[in-house]
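Colleague: Letter 73 of the sequence shown, counting from 1, is numbered 72 in numbering that gives the first Met the number 0, and no numbers are missing.
Hints were generated in silico from the structure; no laboratory data involved. Take these hints with a grain of salt, some might be off.
Taking lysine-lysine and the BS3-like style, the derived pairs with C-alpha atoms no more than 25 Å apart in a straight line are [to be verified]:
| id | residue 1 | residue 2 |
| --- | --- | --- |
| 1 | K60 | K75 |
| 2 | K75 | K48 |
| 3 | K75 | K45 |
| 4 | K75 | K148 |
| 5 | K45 | K60 |
| 6 | K48 | K60 |
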Amino acid sequence: MDAQTAADEAFRAELTPVIPHMRAFARTLCGNATEADDLVQEALAKAWKSRSSYQPDTSLKSWTFTIIRNQFYSDKRRSWRQTALDPEMAERTLVAVTNPTGALELDEVRRALAMLPDDQREALILVGVAGLAYEEVSAICGCAEGTIKSRVSRARQRLADIMAGGRISEDGATPAAAMDSLLADARRLAARAA
């Protein structure tokens, strides 16, 4: 058994008895067993991923509780942007797509986005497609929040100019794949934060 495998096994052996305490602590934070279990699952994954930063002979329980607490507050900060779907409201507002040119128009936007400078395109996709806050995008891109706001503003203006000019380059992709392509770009760019 090599040194890394031995260290992993030692960490696992020390972590396993702490799990019930983690669950109890998460339940006090969440007040809901299901949310608490999800929180503990995320914390365990983060603890395992960061196991090399844990200092042996210190309190593993305290270390994992810190991970749980930080994850809980991070989730709460993000949750204000999430709302439950009201079925009655959805029924009144959601309509079937009856615009046969919608896919073509979205594909034009996708191709026009590709014509933007990389920094502007990334900022606009992360804000406009991924729905991330400027603060989150600035952390992903490693620059100031004001810089991100400026990039998004310039990208929107340039995108409008490209669309109005009608000089959008072809790339051979099918228009039906435009949404999937944009979402894949958003996921790829947002993954840089992890």
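Colleague: Taking the hints in turn, state whether each one holds.
Modeller: Status of the hints after comparison with the structure:
1. For the hint linking K60 to K75, the alpha-carbon distance of about 22 Å falls within 25 Å, and the restraint holds.
2. The hinted pair formed by K75 and K48 meets the criterion: a straight-line CA distance of about 22 Å does not exceed 25 Å.
3. Between K75 and K45, the direct Cα distance comes to roughly 18 Å. Compliance with the 25 Å bound is thereby established for this hinted pair.
4. Among the hinted pairs, K75 with K148 is consistent with the structure: their alpha-carbon atoms are about 24 Å apart, no more than 25 Å.
5. A hinted pair counts as satisfied when its Cα atoms are at most 25 Å apart, and K45 with K60 qualifies at roughly 14 Å.
6. A C-alpha spacing of about 16 Å is found between K48 and K60, which places the hinted pair at or below 25 Å, so the restraint holds.
Hint check: no violations occur; every hint is consistent with the structure.
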